[in-house]
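Line by line, the protein sequences are chains A and B. Numbered per this note's numbering, the first sequence spans residues 1 to 154. Numbered per this note's numbering, the second sequence spans residues 1 to 596.
Be aware that a few hints might be false.
[What the hints assert, rightly or not] One side of the interface only, derived from the structure: several residues of chain B facing chain A at Cβ under 7 Å: (1) Arg-428; (2) Pro-472; (3) Asp-475; (4) Arg-489; (5) Leu-497; (6) Ala-500; (7) Leu-506; (8) Val-509; (9) Gly-511; (10) Glu-545; (11) Glu-567; (12) Pro-568; (13) Val-571.
Bear in mind the hints are in silico, worked out from the structure with no lab data behind them. Ideal placement from N, C-alpha and C gives every residue a C-beta, glycine not left out.
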Amino acid sequence: MEIADLITPAAVIPNLRATSKKQALQELARRAAELTGLHERAIFDVLLERERLGTTGVGNGIAIPHGKLANLGRLYGLFARLERSINFESIDEQPVDLIFLLLAPESAGADHLKALARVSRLLRDKSVCEKLRGTDNPDALYALLTESPASRAA
Amino acid sequence: MIEGMHAAILVLAGLVAASVFSSLLSFRIGAPLLLVFLAVGLAAGGGLGAGIVDAHTAYLVGSMSLALVLFDSGFHTSIRTFRLAALPALTLATLGVAVTAALVALPAHWLFHLDWVRALLLGAILSSTDAAAVFFLLRVGGITVRERVRSVLEVESGCNDPMAVFLTLALVGLSLRNGGRVEAELGVLRDLVFQFGIGAAGGVLGGLLIVLAVNRLAVERSLLPILVLSLALVLFAATALAGGSGFLAVYAAGLVAGNSRLAAPDTLRRFQDGVSWLAQIAMFLTLGLLAAPAEFPPVLPGALAVAGVLIFVARPLAVWLSLLPFRIGANEAAFVAWVGLRGAVSILLAILPMMLGAPGGRLYFDVAFLVVLASLALQGWTIRVVARWLGQIVPRRIGPVERMELEIPGARHELVAYRVVTDSLVARGHRPPRWAEPSLVVREGRSLLAHAAGPLRSGDMVWLFARPDRVPHLDRLFASAAPAAEADRRFFGDFPLDPAARMEDLGSVYGLPVPAGARGQTVAQYLDRALGGRAGVGDRIPLGEVELIVRALGRDESIAEIGLAAEPTRVDAPRLPLFSGGTRLKARLRRWLGRG
Chain A
1 MEIADLITPA AVIPNLRATS KKQALQELAR RAAELTGLHE RAIFDVLLER ERLGTTGVGN
61 GIAIPHGKLA NLGRLYGLFA RLERSINFES IDEQPVDLIF LLLAPESAGA DHLKALARVS
121 RLLRDKSVCE KLRGTDNPDA LYALLTESPA SRAA
Chain B
1 MIEGMHAAIL VLAGLVAASV FSSLLSFRIG APLLLVFLAV GLAAGGGLGA GIVDAHTAYL
61 VGSMSLALVL FDSGFHTSIR TFRLAALPAL TLATLGVAVT AALVALPAHW LFHLDWVRAL
121 LLGAILSSTD AAAVFFLLRV GGITVRERVR SVLEVESGCN DPMAVFLTLA LVGLSLRNGG
181 RVEAELGVLR DLVFQFGIGA AGGVLGGLLI VLAVNRLAVE RSLLPILVLS LALVLFAATA
241 LAGGSGFLAV YAAGLVAGNS RLAAPDTLRR FQDGVSWLAQ IAMFLTLGLL AAPAEFPPVL
301 PGALAVAGVL IFVARPLAVW LSLLPFRIGA NEAAFVAWVG LRGAVSILLA ILPMMLGAPG
361 GRLYFDVAFL VVLASLALQG WTIRVVARWL GQIVPRRIGP VERMELEIPG ARHELVAYRV
421 VTDSLVARGH RPPRWAEPSL VVREGRSLLA HAAGPLRSGD MVWLFARPDR VPHLDRLFAS
481 AAPAAEADRR FFGDFPLDPA ARMEDLGSVY GLPVPAGARG QTVAQYLDRA LGGRAGVGDR
541 IPLGEVELIV RALGRDESIA EIGLAAEPTR VDAPRLPLFS GGTRLKARLR RWLGRG
């Protein structure tokens, strides 16, 4: 599973504007709805349901919200760099400024988890996060996400 | 006369001071501290000439010190730790000790041309792990070893000395009588039961009496720790005189006292820490002084071979056999095998044959001394690396915190004080939650009320009231920034899960095979059941493609934080093809029988 299989250049948002966790998720759901053709509200609800199990703010300023949806054709990733970091109820209390959204079809099963593992592995790499924070050029961000050393190694 | 006395004080105090100074060096180069103490004693013995200390004095100082150290180990072992580990640890402390002694006797028999009784005697001398060494190396040095394996090692090291002492004494007796009879051996078994029975019973009783004395008598507070330790030594001696194991008695008494409600527990704990250190220094110094390094070279090759067999064959086999009936992972067993540290106890036991006039007494001492040196150097030095390799270290979740806590009698809250460190979240403008409003801020020597102080600055001392269970949350705000390293997130899993989340919901979000019976449970309940009600931080249970990980325990030892790893973390995947557990062996055997 590669990041390039999950994400297209169009799914990279270089400066998302949000002031709260809820607003960020709403905004991401709206963008994801444009990409997937699904209903914005349905996506938002699925994300919220997942947050109820525990926050997806994994620490170090990173959040990886995710969920499963019926009627989704394939796995969809969406990356957003926040203009200003927000409180995401993260495990380490640190404000979040990088978000990778992952949506999987209901039938994805193990692929959903594989993709999730792949994304968390990528964003565990501190040098990658540093570089992602260092640019707001969408093409550069896309290149960083898909061509990180970790992805070549994997 | 008086000058001689002053010279003696100078030497003794100088040696203790030198040992303490050498601890600085030890922290710098990472050498096990006990090895350094032993080396100081050895150097002093070489410099001052042997003969300052005779075997009797050394044994007296050694047993008293060991009794104090064992009492303190018991005192610091929580009853939860003991319960977690009691069965495997006691098996290691009895069966394990016997197996080790028997296996070490083999090279001793051939290398030193000892007859079997004497070879077994050497084995018995080397058969127990050292409580001081194990405790010390597991606790100091800023590493946290996973609870399950730590408790096994700690309880084992506290309980196995009596067994080794017993075996040694029995074998010294046999070797003096020149060969054993069947009746003698039966007598030995009866003695064993007596020794342990009286030791354990006396210990529990003595512990209760100590608690009673501390809580009921209106003794001056500063005298309390002295009362406790002197009573512990009285108990040690009285039990031994009554025919029981004094070492077992003090360990049990420590366990009882340490887990009871005591007046002034902090005073006791601090004093005992100090005494425990002093006892260890005294013990190692004395044993070092007793040694005659000039005698070492001829026995060195043989001793190193014995050490090799002990470390690489006897201990692993004994551990594997003892742990077979228990649910203990291969990596955990491997770590237990590696932390078979020998220490002062073995050298102390090696004095016995010399003291009781058994033939060739000096040989035991020299060999034991060298084996202990080898064990402390090899195992002591590598314990951290090995623990990390075997996935037995719990990574630190947050950076260092400067915190003080004051319990307020009768209140649900406690008074907590934090020093604001430069790169902590609060120093960077993160506001503390409303329930943690500072009561007082001390800035540059001035006391300010919170609203007068405004935003917190680094260097401020903040006093606030908080519920004890919320202190970990506060720690994160006041800790210096140490973002979780990549390896730590791998260890704990990326995603935090709410312990109260339903297994049913978790299963449906990730498509996991949740067993029908567990659907209604919370994630915490499920984990607790799966771990047999004995969860420790870092314990993990695979579920389908994911792993559920215990991240933290609450004050009441329930599971307070849970992590989810989206892929198997492989932390518990066996690193060595050894130490297969009982269940896996059974499965393999069944497969093999089925085929045949």
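Here's how the hints hold up against the structure:
1. Arg-428: Not OK, violated: Arg-428 of chain B not within 7 Å of chain A, min 10 Å.
2. Pro-472: 11 Å, violated
3. Asp-475: 10 Å, violated
4. Arg-489: This hint holds: Arg-489 of chain B lies near chain A, its Cβ roughly 5 Å from the closest one there, short of 7 Å.
5. Leu-497: With Cβ-Cβ at 4 Å, under 7 Å, it holds.
6. Ala-500: Ala-500 of chain B check fails; min Cβ-Cβ to chain A is 10 Å, beyond 7 Å.
7. Leu-506: 6 Å, holds
8. Val-509: 6 Å, holds
9. Gly-511: It holds, given that the least Cβ distance between Gly-511 of chain B and chain A is near 5 Å, below 7 Å.
10. Glu-545: Holds, because the Cβ-Cβ distance from Glu-545 of chain B to chain A comes to roughly 5 Å (cut-off 7 Å).
11. Glu-567: 4 Å, holds
12. Pro-568: 9 Å, violated
13. Val-571: Given a least distance of 15 Å, the restraint on Val-571 of chain B is violated.
Hint compliance for this structure: hints 1, 2, 3, 6, 12, 13 are not met, and every other hint is.
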